[in-house]
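Letter by letter, the chains look like this.
There are 2 protein chains.
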Amino acid sequence: MAELLKGVPAATKITEELSARCERLKASGINPTLEILRVGDKPEDLSYEKGIEKRCAKIGITVSKILYPSGTEFYDPINDIISSMRGHVREINRDESIHGCLMFRPTVHKDYEETVRELLDPSKDVDCMTDASLAGLFTGSGTGYPPCTAQACIELLDFCGIDLAGKNVAVIGRSLVIGRPVSMLLMNRDATVTICHSKTRGLPSVCRNADIIIAAIGKPKFVGEEFVSEGQTVIDVGINVDESGNLCGDVDFDSVSGIVRAISPVPGGVGALTTAVLAKHVIESAEKLLK
Amino acid sequence: MAELLKGVPAATKITEELSARCERLKASGINPTLEILRVGDKPEDLSYEKGIEKRCAKIGITVSKILYPSGTEFYDPINDIISSMRGHVREINRDESIHGCLMFRPTVHKDYEETVRELLDPSKDVDCMTDASLAGLFTGSGTGYPPCTAQACIELLDFCGIDLAGKNVAVIGRSLVIGRPVSMLLMNRDATVTICHSKTRGLPSVCRNADIIIAAIGKPKFVGEEFVSEGQTVIDVGINVDESGNLCGDVDFDSVSGIVRAISPVPGGVGALTTAVLAKHVIESAEKLLK
Chain A
1 MAELLKGVPA
11 ATKITEELSA
21 RCERLKASGI
31 NPTLEILRVG
41 DKPEDLSYEK
51 GIEKRCAKIG
61 ITVSKILYPS
71 GTEFYDPIND
81 IISSMRGHVR
91 EINRDESIHG
101 CLMFRPTVHK
111 DYEETVRELL
121 DPSKDVDCMT
131 DASLAGLFTG
141 SGTGYPPCTA
151 QACIELLDFC
161 GIDLAGKNVA
171 VIGRSLVIGR
181 PVSMLLMNRD
191 ATVTICHSKT
201 RGLPSVCRNA
211 DIIIAAIGKP
221 KFVGEEFVSE
231 GQTVIDVGIN
241 VDESGNLCGD
251 VDFDSVSGIV
261 RAISPVPGGV
271 GALTTAVLAK
281 HVIESAEKLL
291 K
Chain B
1 MAELLKGVPA
11 ATKITEELSA
21 RCERLKASGI
31 NPTLEILRVG
41 DKPEDLSYEK
51 GIEKRCAKIG
61 ITVSKILYPS
71 GTEFYDPIND
81 IISSMRGHVR
91 EINRDESIHG
101 CLMFRPTVHK
111 DYEETVRELL
121 DPSKDVDCMT
131 DASLAGLFTG
141 SGTGYPPCTA
151 QACIELLDFC
161 GIDLAGKNVA
171 VIGRSLVIGR
181 PVSMLLMNRD
191 ATVTICHSKT
201 RGLPSVCRNA
211 DIIIAAIGKP
221 KFVGEEFVSE
231 GQTVIDVGIN
241 VDESGNLCGD
251 VDFDSVSGIV
261 RAISPVPGGV
271 GALTTAVLAK
281 HVIESAEKLL
291 K
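Top to bottom, those sequences are chains A and B.
5 is the number that this note's numbering gives to position 5 of the first sequence; each next residue is one higher, with no gaps.
195 is the number that this note's numbering gives to position 195 of the second sequence; each next residue is one higher, with no gaps.
Mixed in with the good hints, there may be bad ones.
What the hints assert, rightly or not - Derived PhoX-like pairs: lysine-lysine, alpha-carbon spacing no greater than 25 Å straight-line:
| id | chain 1 | residue 1 | chain 2 | residue 2 |
| --- | --- | --- | --- | --- |
| 1 | B | K110 | A | K288 |
| 2 | A | K110 | B | K288 |
| 3 | B | K199 | B | K219 |
Hints in this document: simulated from the structure, not taken from any laboratory.
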């Protein structure tokens with residue numbers, strides 16, 4: 001049976017470190033604050049929001065929220081919502097007491113996130129929406145904060161003592177939230193990354209030859225035993241619901257865990273770390289005011 | 001002996017197409033214009049500039065140049081040069097008769113290119129300096145223009161009828177001018193890309209298993225016969241000088257060309273296409289005014 005790469009102990013360690021840093025900030029008169037922008041009330045947004053509030057409360061970060069209706073043609077016209085968002089983001093940019101701003105994505109209308117993406121001050125962009133953050137990630141310049149879930153993969157590997165330099169990593173999925181950013185983060189840590197996707201030929205064999213697999217395709221139990229080999233580390237970023245209505249990842253845990261060296265479970269793996277990474281970005285942003 | 005993937009025929013075809021488009025623009029009263037910013041007189045910059053002027057003359061694009069001294073502590077203080085650059089870039093941004101702006105990089109002082117990168121209007125950024133262009137490249141949104149040499153690799157493969165979808169490509173080198181951008185361009189065309197670099201383990205074997213190799217490491221004749229296998233396509237992006245003072249690529253042409261299916265020569269391969277790609281970006285930028 002493979003070693004389980006659990007997210008909770010890593011999240012706990014990060015939370016403790018951040019609590020100490022938050023205390024130091026408060027002693028200097030800075031009260032780390034995150035502003036959340038939420039459109040509508042999608043269950044996954046509400047669940048993530050609850051997780052964020054809990055994590056931030058533990059650390060001492062203040063969370064403030066601005067809620068928007070989803071918008072329809074007649075009631076709550078979309079343009080009114082956008083113009084209200086514009087005003088809020090401009091205020092967030094100006095307001096020195098707000099250190100990070102997170103919008104839940106994807107939004108029901110693409111224009112909502114476009115509005116925020118274009119206007120938000122990159123220094124408060126704690127989840128890599130803006131061009132400046134994306135460019136910083138792509139170039140490896142260190143500007144901006146990577147998307148939280150992508151960084152959570154790296155934090156989990158680091159916490160578990162898995163060295164990345166020189167390792168062959170197969171990333172399955174090329175999305176903007178995981179696949180592409182985690183590939184850049186891994187490459188910046190000297191891993192050799194193969195970015196795989198739906199058009200990849202011989203995907204199982206590409207994966208079998210890797211030292212580390214990052215599964216982020218959004219298909220329940222897609223990665224089966226033919227994808228893996230002995231000695232591998234598997235990070236499962238998927239969050240899906242299986243036929244029986246249970247949470248499951250992109251990896252077929254039961255078939256794979258008997259073969260590989262280590263695997264992150266779902267739930268309880270990468271997902272358990274995301275809010276801790278978000279909190280880290282807020283604290284880092286607040287600490288810039290100390291300098 | 002491998003098929004030679006020559007850049008000149010591809011460049012000629014692009015040039016002909018662009019000439020026709022340029023004529024149409026002029027008939028609409030738009031005179032496509034490129035502004036070059038050159039610092040000092042490095043031989044490679046002068047040689048590239050000469051190539052650009054020749055290509056643009058053939059197509060009908062006007063080239064205008066602004067020259068800066070390299071800057072020293074006492075004569076031509078760096079800060080004076082930067083403030084003059086600022087003024088010029090602001091003017092270029094405002095001037096509707098200029099459609100593209102290219103700065104030769106790397107500049108002798110990093111601050112020069114930083115100044116231009118931060119100020120230049122992304123719509124005139126024909127060589128992917130700005131955050132908006134880099135973000136567009138990374139996300140595959142289609143915003144902005146990719147770095148010319150990276151795109152030249154794709155244009156050469158397209159011209160030679162080499163399909164990219166589903167192909168395994170080993171990119172050697174992770175630079176901002178070639179390795180990273182060409183990886184994104186290949187991935188956006190549905191290739192499966194492995195980004196290799198100095199820390200990659202088993203590099204020859206990774207390369208042997210690819211369908212296409214893009215060599216962009218800047219080491220003369222680095223890719224030898226142990227890196228290649230039958231049926232492969234090799235694109236050599238290197239421009240180096242060998243022990244005898246001759247131009248050579250990153251690939252050991254004599255050892256490799258007897259094994260692979262197709263290879264781009266140096267000189268006369270990708271390099272022959274770069275100015276045509278740059279001209280294409282200027283024409284595309286000018287054509288946006290028609291809409």
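Exercise. For this structure, which hints from the list above don't hold up?
Worked result: Violated hints: none at all, because every hint is consistent with the structure.
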